[in-house]
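S.K.: Residue numbers for the sequence shown follow our numbering, beginning at 1 and rising by one.
To be clear, the hints were calculated from the coordinates, so they are not data collected in a lab. None of these values were measured; they are calculated from a predicted model. Incorrect hints may appear among the rest.
As the list claims (entries may be wrong) - Calculated pairs, DSS-like style, for lysine-lysine (alpha carbon to alpha carbon, straight line, at most 27 Å): (1) K208 with K303; (2) K347 with K384; (3) K384 with K458; (4) K100 with K347.
As the list claims (entries may be wrong) - Pairwise CB distance ranges, derived in the manner of DEER restraints: (5) D275 with P133: 44 to 52 Å; (6) R475 with P133: 55 to 63 Å; (7) M210 with S412: 55 to 63 Å; (8) I46 with G265: 23 to 31 Å.
Glycine included, C-beta positions come from ideal geometry on N, C-alpha and C.
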Amino acid sequence: MKKKPAINSISQTQISIVFLLSLLLQPISSSSSSISSPPPLPILPIPSASQIQWQLGNMALFLHFGPNTFTDSEWGTGHVDPSVFNPTNLDAAQWVRVAKDAGFSRLILTAKHHDGFCLWPSEYTNYSVRSSPWRNGEGDVVGELAKAAKEAGLGLGLYLSPWDRHEPCYGNTLEYNEFYVGQMTELLTRYGEIKEVWLDGAKGKDEKDMEYFFDSWFSLIHQLQPGAVIFSDAGPDCRWIGDEAGVAKPTCWSLFNCSAAKIGGTDSRYSGEGDPFGHDWVPAECDVSIRPGWFWHPLEVPKSARTLLDIYYKSAGRNCLLLLNVPPNSSGLISAEDIQVLQEFTKIRDSIFSHNLAENALVDASSTRGNGEDDRFIPSNVLKEGIYTYWAPAQNHQPTWSLYLNLQEFISFNVLHIQEPIHMGQRIVEFHFDVLNDEGVWRTVVRGSTVGYRRILKFPTVESQFLRLVIEKSRADPLVSYLGIHVDNFSHLSSHLDKTLGAGINGSNIRRQITLNNSQISAV
1 MKKKPAINSI
11 SQTQISIVFL
21 LSLLLQPISS
31 SSSSISSPPP
41 LPILPIPSAS
51 QIQWQLGNMA
61 LFLHFGPNTF
71 TDSEWGTGHV
81 DPSVFNPTNL
91 DAAQWVRVAK
101 DAGFSRLILT
111 AKHHDGFCLW
121 PSEYTNYSVR
131 SSPWRNGEGD
141 VVGELAKAAK
151 EAGLGLGLYL
161 SPWDRHEPCY
171 GNTLEYNEFY
181 VGQMTELLTR
191 YGEIKEVWLD
201 GAKGKDEKDM
211 EYFFDSWFSL
221 IHQLQPGAVI
231 FSDAGPDCRW
241 IGDEAGVAKP
251 TCWSLFNCSA
261 AKIGGTDSRY
271 SGEGDPFGHD
281 WVPAECDVSI
291 RPGWFWHPLE
301 VPKSARTLLD
311 IYYKSAGRNC
321 LLLLNVPPNS
331 SGLISAEDIQ
341 VLQEFTKIRD
351 SIFSHNLAEN
361 ALVDASSTRG
371 NGEDDRFIPS
381 NVLKEGIYTY
391 WAPAQNHQPT
401 WSLYLNLQEF
411 ISFNVLHIQE
421 PIHMGQRIVE
431 FHFDVLNDEG
441 VWRTVVRGST
451 VGYRRILKFP
461 TVESQFLRLV
471 IEKSRADPLV
481 SYLGIHVDNF
491 SHLSSHLDKT
501 LGAGINGSNI
511 RRQITLNNSQ
521 ISAV
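Generate coordinates for the entire structure from the input sequences, incorporating the hints supplied.
M.R.: Set out below in structure tokens:
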């Protein structure tokens with residue numbers, strides 16, 4: 001953040017005058033100063049309270065743990081002797097500390113993976129911790145994690161695999177569905193509040209045919225845990241992004257049609273992009289492992305902190321929740337090398353996003369609901385953190401909508417951060433972000449489609465005092481709850497956009513034409 005030396009005695013004054021005139025010439029809507037304007041109507045679909053809480057969590061930690069951890073495998077056969085499971089140093093409180101210190105809001109444990117081994121003492125099978133030497137057969141991994149998470153104030157989620165390679169009744173539709181519901185009921189009634197239930201349609205080739213009664217399962221889950229969100233390929237509360245790389249599509253809607261998706265058979269593009277015409281609110285969750293595998297393997301190493309940062313931009317930065325798998329090792333602890341990477345990742349994120357370089361900006365807009373006399377809708381609300389305050393434009397049809405920022409000094413930055421008040425629905429379809437260069441010309445530095453809860457965009461470093469967010473297309477009058485600019489010194493970004501933005505203003509007096517929201521303003 002520095003003052004940029006004036007290239008000549010009038011250039012900075014000219015640009016400032018042009019910027020202010022552009023704001024004064026914006027259309028003004030008429031309204032009575034004595035009557036408040038009501039908030040705009042939400043545009044359907046909108047999220048439930050539990051879906052909002054889920055989205056505000058931003059990141060969750062996945063814990064793949066079980067016999068596979070001890071057999072160096074990913075998909076267990078279901079016939080490994082339970083005696084292999086013996087994490088002698090297991091400390092669920094350590095898992096929770098690691099998650100909390102790294103900024104994760106909840107943990108999701110594989111209570112039962114495809115091998116059918118249960119990390120709690122289920123009454124419906126002997127293939128569980130009860131038959132292992134760990135804690136002399138008296139242990140309960142789910143119970144220990146639930147206790148530690150509650151004490152730390154983090155949410156708990158559980159994964160109960162539908163595919164079960166151990167259970168003899170698997171393949172008998174009615175009998176197995178009853179078995180599965182019995183185990184689900186145990187998990188949802190023994191361990192307090194469950195924030196997320198995770199299940200999928202994974203199944204090996206040539207395995208037994210099975211019909212899962214998903215609708216019955218979902219109804220039971222919502223009955224027993226009304227505040228829980230259910231994850232699957234097709235929702236109903238949050239959906240799979242369509243890959244296991246943690247990468248969302250650049251266009252990512254929380255709108256979705258559950259009726260157009262099938263668990264285990266959903267089109268990856270549809271899962272990734274969502275549906276701007278969807279009737280259901282089903283935001284996406286991006287799952288990825290810190291290591292090559294989902295379970296811990298002694299010869300694998302974790303991804304770098306910079307790789308995790310890139311994944312963060314492409315998941316949490318694209319209107320999704322990042323679900324990062326960090327598997328405990330065979331001793332029952334998260335490995336030191338994984339913790340080190342998470343600590344570095346946290347420091348990098350904090351250094352980029354902990355401070356909004358636009359916090360002292362003067363903000364105006366092409367129009368404001370209530371003619372700017374109602375603080376609930378004023379442009380400066382976009383500098384407040386959170387989704388429940390926002391800028392709203394005037395209630396009239398406009399070809400585009402614009403927010404203008406005067407940073408009051410020249411600032412260098414290369415990251416844009418935008419949020420919508422998602423409780424009012426997802427609205428923005430297309431937008432671009434401009435800076436006013438030294439020649440007094442607006443130049444676009446980045447374009448985007450969809451915002452949702454959070455959109456973060458990187459671009460080569462620019463330096464300017466005057467910024468403009470232009471929303472080109474929206475499902476209804478756009479609402480913006482947050483706008484921030486930041487500096488990322490860690491990602492591999494190209495240098496300044498000097499050629500694109502113009503090298504500067506020479507010493508002569510020239511006539512410049514600046515197009516601002518369809519108004520032509522001349523500056524000499």
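S.K.: For a quick check of understanding: which of the numbered hints are violated here, in increasing order?
M.R.: Number 1 - this is the single hint that the structure violates.
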